[in-house]
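Fit chain B to the known structure of chain A by using the hints.
Protein chains: 2
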Amino acid sequence: MKIGIIGATGHVGQAIYKEAVAKNNEVTAIVRDAKKGQKVFGADAKVLEKDALALTYSDLKGFDYVVDAFASPKAYQHIDVATNLITMFRENTATKLVFIIGASTLLDDDGQPMIDTVLKKYAGQPWIDAPVQQSHEFEYLKWIDNVDWIAATPQNELIEGPQTNFKIGGDHPMVNKDGKETTTIGNFAAAIVQEMTDPKRIRQRFSVVDA
Amino acid sequence: MKIGIIGATGHVGQAIYKEAVAKNNEVTAIVRDAKKGQKVFGADAKVLEKDALALTYSDLKGFDYVVDAFASPKAYQHIDVATNLITMFRENTATKLVFIIGASTLLDDDGQPMIDTVLKKYAGQPWIDAPVQQSHEFEYLKWIDNVDWIAATPQNELIEGPQTNFKIGGDHPMVNKDGKETTTIGNFAAAIVQEMTDPKRIRQRFSVVDA
Numbered sequence: 001m002k003i004g005i006i007g008a009t010g011h012v013g014q015a016i017y018k019e020a021v022a023k024n025n026e027v028t029a030i031v032r033d034a035k036k037g038q039k040v041f042g043a044d045a046k047v048l049e050k051d052a053l054a055l056t057y058s059d060l061k062g063f064d065y066v067v068d069a070f071a072s073p074k075a076y077q078h079i080d081v082a083t084n085l086i087t088m089f090r091e092n093t094a095t096k097l098v099f100i101i102g103a104s105t106l107l108d109d110d111g112q113p114m115i116d117t118v119l120k121k122y123a124g125q126p127w128i129d130a131p132v133q134q135s136h137e138f139e140y141l142k143w144i145d146n147v148d149w150i151a152a153t154p155q156n157e158l159i160e161g162p163q164t165n166f167k168i169g170g171d172h173p174m175v176n177k178d179g180k181e182t183t184t185i186g187n188f189a190a191a192i193v194q195e196m197t198d199p200k201r202i203r204q205r206f207s208v209v210d211a
Numbered sequence: 001m002k003i004g005i006i007g008a009t010g011h012v013g014q015a016i017y018k019e020a021v022a023k024n025n026e027v028t029a030i031v032r033d034a035k036k037g038q039k040v041f042g043a044d045a046k047v048l049e050k051d052a053l054a055l056t057y058s059d060l061k062g063f064d065y066v067v068d069a070f071a072s073p074k075a076y077q078h079i080d081v082a083t084n085l086i087t088m089f090r091e092n093t094a095t096k097l098v099f100i101i102g103a104s105t106l107l108d109d110d111g112q113p114m115i116d117t118v119l120k121k122y123a124g125q126p127w128i129d130a131p132v133q134q135s136h137e138f139e140y141l142k143w144i145d146n147v148d149w150i151a152a153t154p155q156n157e158l159i160e161g162p163q164t165n166f167k168i169g170g171d172h173p174m175v176n177k178d179g180k181e182t183t184t185i186g187n188f189a190a191a192i193v194q195e196m197t198d199p200k201r202i203r204q205r206f207s208v209v210d211a
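Sequence lines, in order, name chains A and B. Everything in the first sequence is counted per the numbering used here, starting at 1 for the first residue and increasing by one. Everything in the second sequence is counted per the numbering used here, starting at 1 for the first residue and increasing by one.
Mixed in with the good hints, there may be bad ones.
Since the list gives no way to pick one copy over another, a pair counts as held whenever it fits inside one copy or between any two copies.
What the hints assert, rightly or not - The calculated lysine-lysine pairs, modelled on DSSO-like cross-linking and capped at a C-alpha distance of 27 Å, are:
no., residue 1, residue 2
1, Lys61, Lys50
2, Lys167, Lys177
3, Lys61, Lys142
4, Lys142, Lys121
5, Lys167, Lys46
6, Lys142, Lys74
7, Lys142, Lys120
8, Lys39, Lys167
9, Lys36, Lys167
10, Lys177, Lys50
Keep in mind that the hints were calculated from the coordinates and are not lab data.
Here chain A stands alone, though its shape is the one from the complex:
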């Protein structure tokens, strides 16, 4: 498959890039800085240099999947990148879109998004903006019924580490064998590439936990 990864030089983006290449996909790193991209992925890597917010349909129409692993200190840009991608692929199932959505959108025991509790506790903290905007992004995605989107969510602790074994879940937090809510970046990337290879969760969110 042809896969484009927005934010490929980021933490999660790199892991998805490597896993997708390892599974014999034709992967393009979509990055702001081509030099950095070639340095990270090698001189032979396919790199498209473009600001995530400036991407157009003609940049992306050739991909089977576009993975949005974009990150920015301006948290509102998460939703701006998402709305731009959704708008360009309306009524078009040739390209599927994968969005990384944070663990704060998982539901607590009362069925409420965890961000609601977090917000009450930490309102005004500067770091809260990223989970808030990702939560908005996920709300927005749930409105979209004519684009093939998939949302992928790690557990609360997205940690360094290779692919080992993982389990797939839905809207509620899950724990590893030690009772901790962890997802290694390797497992998260492997789960995403697995879903792209055999998509079963179109217009759904799936979550990943270390087994």
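Leaving out everything else, chain B in the frame of chain A:
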């Protein structure tokens, strides 16, 4: 002021155009079909021919206000036009954005958006898509804290008729002197131009009822 009106040849768009011109603003009709625009507004009218979804920052940056009176049988395009406008004016207060948001977003006696009840009653009806998408559009706008947006809502019955007298309200339905939830298009347009002339409701929604 310089005012651009997206969807100016539409029902509400025409009324806003005429009222804004009558109040000595420099108004540009932003329309898909320039010939139709010139026919409606006269050969001397300023007309920008462009598809609403293709508008860019360089098209719109010169305006003090952009009014989104866009309408489409593809109801999801309401939100696509809105997200595109918001994205291009992030962290930029030189241009304010006015959105027309339907009466189904007003709140019932229990404080719930009326669309929720309507949805339960009329789920699956083809016409429901427009109020649903406008409701999403309004939810989206409420997330936006770094763009000067204003949402304008008529009462449930937006009817033909000139400017007479009107009252401004907030999130709850209001009635005219005969106890009916009506807003003439003339009053709606006059209220919008009044708010642009003397903006008091930045990042808020106001509603309009015939007095």
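Checked against the structure, which of the hints given earlier come out wrong?
5, 8, 9 and 10
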